[in-house]
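Put chains B and C on the given structure of chain A with help from the hints.
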Amino acid sequence: MPEIQFTLNGERRTVNIEANDILLDVLRDKLGIKSPKCGCDRGDCGACAVLLNGKSVRSCLIFAIEVNEQEITTLEGISKNELSPLQQAFINNNSFQCGYCAPGIIITATELLNKNPHPTREEVKENLSGNLCRCTGYIPIIEAVLEASKRGKNE
Amino acid sequence: MPVIQGFEYFKPKTLNEALHLLSNNRGQASILAGGTDIVVQFKEDLITSKALIDIKGITELSKIEIKEDKLFIGACVTFTDLIESELIKNKFPIIWEASKTVGSVGIRNRATMVGNICSAVPSADSAPALLVYEALVILKNKDGERLVPISDWFIAPKKTGIQKDEIVVGILIHIPKKKYACCYEKLSRYEGEDLAQAGIGILAFEDHYYRIAFCAVGPIPTRAPKLEQFLNGKKITSPIIEEAKKILLEEITPITDIRSSRKYRIHMVKLMFERGLKKVISRLEGGKDA
Amino acid sequence: MNKLKYVGHPVTRIDSLEKVTGSAQFVDDIDFGPNLLYAEIIESTFAHAIIKNIETSSAERVPDVVKVFTGKDFPYKFGLYMKDRFIFAQDRVRFIGEQVAAVVARNPKAAKIAAKLVKVEYEPLPEVLDQMEALKEDSILIHPDLGDYPHVPWFFPKANTNVAHWRKTRRGNIEKGFEEADVILEDTYTVPRYSHCAIETHVAVGKFDYSGRLTVWASSQSPNVQRNLFSEALSPLGLSHKDIRVITPHVGGGFGGKAGVTMEIMVAAIATKLKGNSVKIRWTREQEFYNTYQRLGVIAKITLGAKKDGTITALDHKLYWDAGAYVEYGANVVNAVGLSATGPYRIANISIDSACVYTNLPPGGPYRGFGYSEFLFGLESHIDRVAKKLGIEPVLFRRINAIKEGDTLAYGAKMNANGLLQAIEKVSKEIKWYEGKIESEDPVKVIGKGFSIFWKAPAMPPNASSSAFLKFNEDASINILVSGMDIGQGYLTVMAQIAAEILSIPPSRIRVERPDTDRNPYEWQTVASHVTWSCGNAVKKAALDAREQIYDLIERTHYLDRDTIYLEDEKVKSRTKPDFELALKDFVINGIQVEDGTFKGGPITGRGTFMPEFTSTDADPETSQGGHPNVHYTVGAAAVILQIDKETGKMKVLKVVEAVDAGKAINPDLVKGQVTGGLMQGLATVLYEDMRFDNKGKMLNPNFTDYKIPTSMDIPDEIVPIIIEVPQPDGPFGARGIGEHTMLPAAPMIANAIEDALGIRIKSMPITAEKVALAILKKGEK
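Protein sequences appear in the order of chains A, B and C.
The numbering of the first sequence is our numbering, which starts it at 1 and goes up by one.
The numbering of the second sequence is our numbering, which starts it at 1 and goes up by one.
The numbering of the third sequence is our numbering, which starts it at 1 and goes up by one.
Just to be clear, a hint being listed does not mean it is correct.
[Stated by the list, open to error] 27 Å max Cα-Cα, derived BS3-like pairs, lysine-lysine:
| # | chain 1 | residue 1 | chain 2 | residue 2 |
| --- | --- | --- | --- | --- |
| 1 | C | Lys771 | B | Lys278 |
| 2 | A | Lys115 | B | Lys56 |
| 3 | B | Lys263 | C | Lys652 |
| 4 | B | Lys246 | C | Lys778 |
| 5 | C | Lys176 | C | Lys389 |
[Stated by the list, open to error] Ranges of calculated distance between the beta carbons of each label pair, as one might list FRET restraints:
| # | chain 1 | residue 1 | chain 2 | residue 2 | range |
| --- | --- | --- | --- | --- | --- |
| 6 | A | Asn114 | B | Ser238 | 46 to 56 Å |
| 7 | B | Lys50 | C | Ile50 | 35 to 45 Å |
| 8 | B | Lys159 | C | Glu133 | 37 to 47 Å |
| 9 | C | Gly759 | B | Ile247 | 25 to 35 Å |
| 10 | C | Lys432 | A | Asn114 | 21 to 31 Å |
| 11 | B | Gly27 | A | Arg12 | 46 to 56 Å |
| 12 | A | Asn92 | C | Lys782 | 39 to 49 Å |
| 13 | A | Asn114 | B | Leu147 | 53 to 63 Å |
| 14 | B | Glu84 | C | Lys782 | 44 to 54 Å |
| 15 | A | Asn114 | C | Lys782 | 53 to 63 Å |
| 16 | C | Glu55 | B | Asp143 | 46 to 56 Å |
| 17 | B | Gly27 | C | Lys782 | 52 to 62 Å |
Since the hints were made in silico from the structure, they are not lab data.
Backbone N, C-alpha and C fix where the C-beta goes; we use that ideal spot for every residue, glycine too.
Here chain A stands alone, though its shape is the one from the complex (with noise of 0.2 Å):
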């Protein structure tokens, strides 16, 4: 079984899996980091997004071996230390309803604004377009973003 080390929320984390171990499974049932979720298994929801080197994937769509030496952060090391603007906000809003797809939002939305801090709504509304969410109609996301992006760095 091959080892592979990693950078996973800031701590040096060593696991022995498969090759064909997807990340997304090695992150949850080996590692008990549980805030990326599945919800379609190919790529089109969104819900296990995680930091790779600061950009948002897909964890169902990459095999745990090739983040070795890599760096990931899920929502767990995001939530390490005072809440973000970005999660305040998202409070703020009353944003979520399930909060089932809210780890991959806040990733994806963490992302976006790292990336581009003042963005338009349009901007904000094409950035989180691959992450389906089911009860709010968007809307109070969409807001919580850009009252985030109003407030300055989001890590």
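Chains B and C only, in chain A's frame:
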């Protein structure tokens, strides 16, 4: 949880190493770049491989660069890389435009243009753009290199001109010498992420020469030679467009499937052709999009 | 009365922090340790067939496989309103995807590999995929034993047919009604099946410990129904309710799809045969599409008559439902519509037939709206058309006939207090209904407006009930135990607000616990948009109960008349003694010390239950007259401004306005959240979603690649929610439910806007860009 057949994973640092791995695992290896298509295929048991060769460690394959009079897009260049490249945005606008229609951010951060043409689905968004640029696909095996014109690349749905011992290292595009404008029009079921139900790439030179290519309206993405021949040398007018729409129908063989009916595809391709052509002419004349 | 401090305010959700930090634990996030087993389901590949043989031996030999189960292991029926399902198919399969066997293994890969080795031999039978075919006298029978199925007394299955239930409602004299009419319009409307598409798929884990107690963790809207049905179905094993425990943590969306019992029955059953282990089933997205409930399809034939003055004189509404292979829950959708398919109109002469027809497609069941979206598509389209025929402006036509408090309902009871006319007026104003046509600046595009009104009542057994426990902690924070589910709507927050208001403790100091049937008191289920009303009443009573105990104690210990004391800011205060003040935290657990040094009181715990005591389903089966099946209706109105590209057919919602009568919006922010989300779900059913089956009954698009649910780029430019508040007399603070209702007007108002813009009436859903474009082409060809 889907079951993926076991395989051995390799992450070569050089192309040579990759080609040797491929040769040693003859016919039993798959190449992994972004993985957004191939991982789904593994999950759905559509492919099995004894070896998986991850080419993301080969730095030269991540390049977007001008080599002499040609643009090189490496096999590991993602759609996000293309969208974020000023070079692409300014000099190869149809590639930029088509890249933006692929998937969503989380997919584009990973999916590559070369992967898109290797998957070779009829709806490949990259294909019309590459077809109108008359791109070349660079293939290497351990004995050498060959270039395949993109127009010869697609053979059948999900089937390309690649040999089992070859790796696509990138795409080459001649920089057009004449002034031109272009656009990619895509039919999808809504504004969000969707596969093309029809796609059309249009490139027009200022001297009234045209290149037109389609995806998702036939078994493979193709150029439209008869249509181009008809248009070439002509200034675009409404009667010309009407005439051209009739010829266009001879170039496509759309089917009815779950995503769209043949009838709607035909209707839309004609419309997208007309709207796209007008847009391109307007762009060529330095105007805004119609 | 004092001004409300918490109720009626846009309080922050009490579960926000869990959700934005990734701490919210869903079933699949719980660790069950190394003894967790995984079950892989073998599914029917035929829509209708006899099972001749199941060969399991090769699967059993796969390493790590623990056991293979088939129908023979569990010859038990189950079902909510009608027992027509088995845990695993017995001798016959009735839809593609139906569970036939299960392989249980120590790891999911082994289970999957072994499942492929289970060989099922079928003898195919002709499949019936269309309800009109299934209704024919010579149709093959999908349930030959239908006559023997146990069911609730308000269902009327017809033995030796495919009709599982037929709800008839008759009032007045329909022939006379049509005679009085100046205009009669008859037409047929078609609505296909839809999928809920919660982003979390169904998942359940069952454990049967060595002492013989069964615990099931489920992603469910219905913990108590689950426990009850597990107990019923597994009664041969002698399991009592007290020995079954259902735990429901966070649920990743429900929309009706996680109501009742579907796949969870399998883990419950399998667990009982594998003592000491936990067994998990997690549905894939594909399975979520084809083996949970789907929204029923319907073909509705409407004949409506009206007089020149705009009075509707008669409605004949016949609805034929494609209810699927099993209707244990779905038949009640059909029943609900059969009682309410008049829509929110006052009509003197009514004939409704709502027929629940078995087909060889996946089971139809509850879906947000419970049949009302489906019949309103036809009815509200038809209302526009009849108005046009009469030459009456369609919104005026609706106003003339809008049902009012005290009007007689189709089944004879009286309509409740409601703000329908207010809703119509406010929506008309906001959408500038009477300010004429909007011209598009783009010549290729046209703009139309569409209007729709709506109503819906909870469809429940007459004695569906709720209950609540409330307990104070040492610091006067509170834990409330209830068994409703927060499926995203914000139920937990609303319950906290209700208790907060009564006890004057901020909602942030109240935790409302998710269900655990061992610990939390009974709730029927979180469906029917009834928990704010029903469980809200129970929580209010529990809070009042606690407050009475506090007052008792103060009376006993401080000799203050209870009529002079009140609660404010976590303290007891007195109107007559301004200097008296006693913090709740000083006595709610440890009591109050009196002069002699002893303590009085003890932990304050409140208890509340609620059951409507005026409902009954006892009615004449031929007319539905005599009972009082529904508790009340929630009403509303909506309108849309729709832009259509005349060439591509692509549509864009420029503005949509929806007013819903919440009675009292306990949390206006959450009501607005329901309007936004519900409208979007409704718009998706009309504009994008389209469930496709091939001619053998196989679903062709069981994935988000081809079943298109909207993304953030597909939302209306502007949504304006309007809250109407005509109090519900028996609701907590006047509240009634609004959750499902928000999606009801979406489809007909789009169809009406299309007609307004293009003069084209589309009578079948969905109304995709393709359908519109082809309709425009067809019109041009004429």
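> Is lysine 246(B) close enough to lysine 778(C), meaning Cα to Cα at most 27 Å?
Replying inline: 19 Å, holds
>> Would the hint linking lysine 176(C) and lysine 389(C) be met if the CA-CA limit is 27 Å?
In response: 20 Å, holds
>> 39 to 49 Å was suggested as the range; check whether the CB atoms of asparagine 92(A) and lysine 782(C) agree with it.
In response: 55 Å, violated
>> Range first: 53 to 63 Å. Now tell me if the beta carbons of asparagine 114(A) and leucine 147(B) are that far apart.
In response: 39 Å, violated
> Range hint 46 to 56 Å: satisfied by the CB atoms of glutamate 55(C) and aspartate 143(B)?
Replying inline: Given a distance of about 50 Å, which is inside 46 to 56 Å, the answer is holds.
> If you check the beta carbons of glycine 27(B) and lysine 782(C), does the distance land in 52 to 62 Å?
Replying inline: For glycine 27(B) and lysine 782(C) the Cβ distance comes to about 58 Å; the hint holds.
> Between lysine 771(C) and lysine 278(B), is the straight-line Cα distance small enough, at 27 Å or below?
Replying inline: Since the Cα atoms of lysine 771(C) and lysine 278(B) sit roughly 26 Å apart, the hinted pair holds (cutoff 27 Å).
> Straight-line Cα separation of lysine 115(A) and lysine 56(B) no greater than 27 Å?
Replying inline: Holds, at roughly 23 Å.
> Per the hint of 46 to 56 Å, is the separation of the Cβ atoms of glycine 27(B) and arginine 12(A) within bounds?
Replying inline: Violated: the Cβ-Cβ distance is about 39 Å, outside 46 to 56 Å.
> Falls inside 35 to 45 Å, the C-beta gap from lysine 50(B) to isoleucine 50(C)?
Replying inline: For isoleucine 50(C) against lysine 50(B), whose Cβ atoms are near 42 Å apart, the range 35 to 45 Å holds.
> CB of asparagine 114(A) to CB of serine 238(B), is that within 46 to 56 Å?
Replying inline: Given a distance of about 49 Å, which is inside 46 to 56 Å, the answer is holds.
> Quick one: are lysine 432(C) and asparagine 114(A) within 21 to 31 Å, going by C-beta?
Replying inline: Once the Cβ atoms are compared, 42 Å apart, the range 21 to 31 Å for asparagine 114(A) and lysine 432(C) is violated.
Hint compliance for this structure: hints 10, 11, 12 and 13 are broken, all remaining hints hold.
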